[in-house]
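Participant: In case you want the letters, here they are:
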Amino acid sequence: MRVLVIEDDKDVAAYLVNGLKESDNVVDHAADGKDGLLLAASENYDVMIIDRMLPSMDGLSIIKTIRATDNDTPVLILSALGDVDDRVEGLRGGGDDYLTKPFSFTELLARLEALLRRGPSSGSEQVTHLSVADLEMDLLARTVKRGAEKIDLQPREFRLLEYLMKHAGQVVTRTMLLEQVWDYHFDPQTNVIDVHISRLRSKIDKDFPKQLLQTVRGAGYILSEDP
Amino acid sequence: MYMVLFASSVFILMGFIYWATAGYMSNQTDETVEAEIIGLAEQYQRQGLNGLISVIRERVARDPNGKAIYLFTARDFIKLAGNIDKWPEGGDVQEGWLNFNLSPELGWHKEQIHPARARVFIVPGGLRLLVGRDVSEFMAVKQLVERAINFGMAITFALAMIGGIMMSRSTARRVELINSASQRIMTGNLSLRIPDRGTNDEFDQLARNLNEMLDRIVTLMEGIKHVSDNIAHDLRTPLTRLRNQLESTMMKVERQSDREQVAEAVAEADQLLATFNALLRIARLEMGGRVANFTSFNLSELVSDAAELYEAVAEDKNQKFELSIEENLTITGDKDLLFQTLTNLVDNAIKYTPEGGAVSLQLRKTKEHALIEVNDSGIGIPEDELDKVFGRFYRVAKSRSLPGNGLGLSLVNAVIEMHQGKITLTNNLPGLRVEIKLPQHVSIPEKELKTA
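So the protein sequences, as listed, match chains L and G.
Heads up: the first sequence at position 216 corresponds to 216 in the working numbering, and the numbers run straight through without jumps.
Heads up: the second sequence at position 362 corresponds to 362 in the working numbering, and the numbers run straight through without jumps.
These aren't lab readings, by the way, just hints derived from the structure by calculation.
Just so it is clear, the structure is predicted and the values come from calculations on it, not from any experiment.
Treat each hint with caution, since some may be false.
BS3-like mimics (lysine-lysine), calculated; alpha carbons at most 27 Å apart, straight line [to be verified]:
(1) G:K351 - L:K203
(2) G:K252 - L:K10
(3) L:K21 - G:K422
(4) G:K252 - L:K101
(5) L:K203 - G:K317
(6) L:K210 - L:K166
(7) G:K317 - L:K206
(8) G:K367 - G:K388
(9) L:K166 - L:K145
(10) L:K10 - L:K34
(11) G:K225 - L:K101
(12) L:K203 - G:K320
(13) L:K206 - G:K252
Input sequences plus hints: build the corresponding full structure.
Facilitator: Below, the structure written as structure tokens:
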């Protein structure tokens, strides 16, 4: 994918650019708000990573300006301000996701991919049916089937599986699940998510030869056909 | 106390005045009598017995209504001269000073009984002479003084009593004021100060001294907080760099075992960063006033979401998880922070309760509060450590082996305080009972309140 990074901190910028390049992305970098806006407006990117605090023009103003020109490129806001109100402000200001420094690269990459996936599909037509291998989900009837077998899920388990299926083939981090499935932004002291994942796994994978829900060490989970 | 001191000093003063006045007056009387005796003795020496008699007669005649009293008798008590006829009781036996009452019976020319004081002499030859004075006037004055003093004492006592009560009342009020102010300060509002009335009395000085002490405590506390917060802040950047470099390295490492080792180092760095972040977050919350994210929301839903999230964890530990939630309880607050608080508490409850134990979560409504209770049957907290666990990095001795950074409850406390609530820990025997009281409506300026 083509990524624009607007970040003034040299270390963070280098970390981002190198990391993204290594995972086979094309990266442009601007160290200053105005340069960044110029690039964002003139080039076509799949996703943009914008720091909030920038010289000459702050991140939120850049996003507002871009959005005013009907540019819907997904934006991930980076910020050293970890407070929730900053997060809310960033998301209201037109950002699509928000990540606090310091962040792990896997977390960033997972979120970027989630943003990319959301980009085109979050439009007109409503998805009513999801499937990964022989696992099928009917979003209208709210039923799940693996092969011919019907699987009973609790409402939250359903939402968890729905999110995983929508991002099938991508790494999904624990924080992303907490934010998207549980709707709370907080730091769990223990890995509560693991408990829920293993319950879900016991329902959808346990009695089947092919395991779909995998744990990615140090990152999160992936629901995928290929092991 | 002051009243007694004051009254007794007045009493002593009055007593002295009385003693001095009465003493002076009776001295006067005695001196007059002595002077007269000296005069009469001279007459007697110069002119003999007859001269003495005539002088006495002359003096009586000159001033028949006077205050002087004379009686001169022969050996057989026959009156030779004088203005009374008989010897007063006792006067016929002894010599010296004598107090008696003048009455018509003694041959006194006045109807009323008058007190008198006299000196009795034995003149050589068995003759007796009495020279005295009517002291009724002196007695009257003495009585007047006595009455004045009694009356004065009564007034003094009354005034002292009223003044004392008023003084002790106002003293008590000032002391009470200082007491209640210090109580409020002790319960956490360190920005409060003891009021100063501007009268510059001892209480004002006490208040000022206490306030200065408080200022100093606050400065010291802020200093400590600053140091720890600055350390956290300043170390975060290099630590982030270290972490990021490690992560970059990890991606380049070929061998799986090496890669896992680096991944562990990254995880350690993440743990450290999380601790720093928690510390900074608490510091920000404690700085207070961050009500920007306050919304009105359904607390019942929040509690059941937290319960749903953790119920599975408890079940994995074979713990009984009981839930009792009163529906549709709305409060004003920061949803994410309260969720964090609740999950911290439930997480602790599950963590410190052994397999097979019980954990319960309750939400109910009182008149003005929402009451959240988290109970467990775990290892609990020793009684003397109950109030310490909210301190940063404080960990109960027997839980040190379990994972945690000692900041969870500090954060909980900061959040509850921010919501103007109250958290109490009590021992459940066995286990711990955490009770959170949250006001349903936090008084914050309307314009800062966003609707959900």
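Participant: Please name the hints from earlier in the document that this structure breaks, with their numbers sorted from lowest to highest.
Facilitator: When the structure is compared with the hints, numbers 3, 8, 13 turn out to be violated.
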